[in-house]
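Just need the whole structure built from these sequences, with the hints factored in.
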Amino acid sequence: IIHSAAISACGKGEQWQQALDMLLGLREYGMLPNVITYNAATSACEKGRQWQSALALLALMYDTDLPPDVVTYNAVISACEKCRQWQETLDLLTEMQNIRLPPSVVTHNAAVSACDKSEQWEHAVGLLSRMP
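Numbering-wise (the working numbering), the sequence shown opens with residue 90 and increments by one.
Treat the hints with care, since some could be wrong.
Simulated pairs of lysine to aspartate or glutamate, EDC-like, Cα-Cα distance not exceeding 20 Å [as the list claims (entries may be wrong)]:
id, residue 1, residue 2
1, K136, E117
2, K206, D180
3, K136, D154
4, K171, E103
5, K171, D205
6, K171, E208
7, K136, E103
Read the hints as simulated data drawn from the structure, not as lab findings.
Okay, here's the thing in structure tokens:
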């Protein structure tokens with residue numbers, strides 16, 4: 090828990106690289122980060138507008154057989170949204186459907202915002218019609 094809190098503090102201080110270093114350092118010392126630790130690091134990437142790093146962390150979770158949760162996807166989608174990566178947000182929503190992980194209102198809002206910021210209004214309207 091203390092590692093997750095430290096990584097979260099890095100995110101709040103916009104020190105995304107330090108958050109990633111801490112997460113990867115845990116693995117080097119034989120400690121297995123849990124979903125909360127990954128979520129803290131992914132959130133740090135989101136705050137630092139590092140969408141590619143957020144996607145890499147999501148992939149790493151799958152590589153290590155650690156299933157991400159809706160919080161993980163929300164952070165990755167928000168990182169993509171902040172960087173106008175609307176196609177990535179749509180791909181992530183599809184991925185969530187494929188693994189039967191229901192998106193939250195936060196998930197949908199970030200995806201709609203990504204489409205809006207990228208002037209992809211057709212996709213934004215489509216997402217709005219699918220919201221719970």
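Going through the hints against the structure:
Taking the CA atoms of K136 and E117, the gap is near 25 Å; set against the 20 Å cutoff, the hint is violated. Proximity of K206 to D180 is assessed by CA-CA distance (about 17 Å); at most 20 Å being required, the pair is judged to hold. With a CA separation close to 25 Å, the supplied pair K136 and D154 exceeds the 20 Å bound. Distance restraint check for K171 and E103: the Cα-Cα separation of roughly 14 Å lies within the 20 Å cut-off, and the hinted pair is therefore satisfied.
At most 20 Å may separate the alpha-carbon atoms for a hinted pair to count; K171 and D205 meet this at roughly 11 Å. Taking the CA atoms of K171 and E208, the gap is near 14 Å; set against the 20 Å cutoff, the hint holds. A C-alpha spacing of about 6 Å is found between K136 and E103, which places the hinted pair at or below 20 Å, so the restraint holds.
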